[in-house]
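Engineer: Residues per chain are reported as follows:
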Amino acid sequence: MSGPPGIAIRGRFAFQGGQDLSVERLEIPAGQWTCLLGPSGVGKSTILRELAALETGADFDGRVETTDGAPLAGRIAFMGQSDLLAPWLDVRGNVSLGAQLRGETVDIARRDALIDRVGLKAHAGKHPPALSGGMRQRAALARTLMEDRPVALLDEPFSALDARTRAEMQELAFQTLERRTVVVVTHDPAEAARLAHRIYLVAESGLTSLPVPPAAPIRAAEDPATLSAQAELLSTLRRAA
Amino acid sequence: MAAWRDGMVPFAAALLGWQVLVWIIAVPPFILPGPNLVAIALWENRFVLAENAAVTAVEVIAGLALGAAIGAATALNLMMSATARRYLLPVLVFNQAVPIFALAPVLTLWFGYGIASKVIVTVLIVYFPVTWTFYDGLRRTDPGLVDLARTMGASANRILWRLRVPAALPAFGSGLKLAAIYAPVGAIFGEWVGASKGLGYLMLLSNGRAKTDLMFAAILILALFAVCLHAGVSAFARRLDAYATGTQVRPAGRRDAQGSG
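Going down the list, the protein sequences come from chains P and B.
Position one of the first sequence corresponds to residue 76 (this note's numbering), numbered consecutively onward.
Position one of the second sequence corresponds to residue 781 (this note's numbering), numbered consecutively onward.
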């Protein structure tokens, strides 16, 4: 991994319903966390799926560029809102799913180290239905880390978790995904205020870059600067609607 | 076991009602024999019944296994190939639109009075529900999981075998359960059209000779076999389900007790 790439995207998404979303210029700095903040249904996930080269349901007319000029394909790891664990596989099987799907041999030592790192050592042999929501998302995080890609695309990864678990997961994800280029789609101003090096507001009118708190992420959730940034983001979000 | 006990209640009530009816209307036994006469016929003809039941059982099980295998193979093909979807789906609907019962005489003409024609009738009946339910299951695999696999660089083949097939096992199990209900009907019908052995043949024969008690005995054996087959296939389907959902096999009838959460 020769340093993660920065990404720039520019263009227009035309949705089947007739409306479209124009992205004047979205810059995702290398090795940092970029949050796409906005209300549900505005097209945040569409941008993320376009970066992941997945079916978006919209026509994209534009370009995705990387700072090192190489394509993104094969360099991204994706983590969604639901854990997307295969119920017939235990935690070990799910964490090493990528290698199995590519027909590669699984690096067992690395797999077990990652399971240990996300705190699931005692649950490694369990199947998803036997795990709590937080544990399942930890397993999904370990699976993302197992892929060891320089770019991580997270689509509302913590939104289904309770407040305490969410705060823990944000910290764990931030530590473990350090030095990667991370794009997080979220509708939660608190999440953006804690995690982001850079925040874009996604609204029907387009994308706007928003100010971030001065401290470097990850910021303490109870820090007054984080809280006031969160309040500021919320009111911006409401004005945009 | 509670399910068995519950199932015995209406069965016993039906037997009792049957006997009472026979006493009240006092019809001759060749019109409607009472359960007591059927029981006697059952015992006296136990070897004949067993021999013919074995033939029918072989036809049903062979037809079920073969039909399920061909159905599963078809579903996999439909999933993987647009050409297969284009040309095979209409054939599938056609297969279901033509009454198999109308084909049975021709099949007997082509494949003879032996086991083969009955197995083929059974295969034709079993094929559609297995193909359709399994294909549906393969198609309905969580799209998020399939997307994830694509970002991981998985080939379509590996997505099929490692994700879609395991995820579709419960649907396959449902198809098998339906198939297990239809399969005996197929074999019996094949025997009615032309056979020299089997429970269907025995029913026709005893009916023609006014041995109504023996015919009822044959029906009873067939029903018993169908119930056992269904129970066996259901147990297998539950195992598939438990594997695919990562849960333990729970006792039948308690499945809804477990919440998702």
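Careful, some of the hints might be misleading.
Among the chain P residues that face chain B by a calculated CB cut under 10 Å, a handful are [unchecked claim]:
#1 G144
#2 P146
#3 A148
#4 G149
#5 F153
#6 G155
#7 S280
#8 G281
#9 L285
#10 V287
Worth flagging that the hints you see were computed from the coordinates, not collected in a lab.
Virtual Cβ for every residue (Gly too), placed ideally from N, Cα, C.
Engineer: A separate judgement is required for each hint: does it hold in the structure or not?
Structural biologist: These are the hints, each one checked on the structure:
Because the beta carbon of G144(P) sits about 21 Å from the nearest beta carbon in chain B, more than 10 Å, this interface hint is broken. A cut of 10 Å between beta carbons decides the hint on P146(P): the least distance to chain B is about 13 Å, and the hint is violated. For A148(P), the suggested interface contact is upheld, since its CB lies about 9 Å from the closest CB of chain B, less than 10 Å. Residue-level restraint check for G149(P) holds (minimum Cβ-Cβ distance to chain B is 6 Å; threshold 10 Å).
Interface hint status for F153(P): upheld, as the beta-carbon distance to the closest one in chain B is roughly 4 Å, under 10 Å. At about 6 Å, the closest approach between the beta carbon of G155(P) and any beta carbon in chain B falls short of 10 Å, and the interface hint on this residue holds. At about 28 Å, the closest approach between the beta carbon of S280(P) and any beta carbon in chain B exceeds 10 Å, and the interface hint on this residue is violated. Among the interface hints, the one on G281(P) is violated; its C-beta lies about 26 Å from the nearest C-beta in chain B, farther than the 10 Å criterion.
The interface hint given for L285(P) is violated, since its Cβ lies 28 Å from the closest Cβ of chain B, which is over the 10 Å cut-off. Checking V287(P) against chain B by beta carbon gives a least distance of about 28 Å; that is not within 10 Å, so the hint is violated.
Of the numbered hints stated above, those contradicted by the structure are hints 1, 2, 7, 8, 9 and 10, listed in ascending order.
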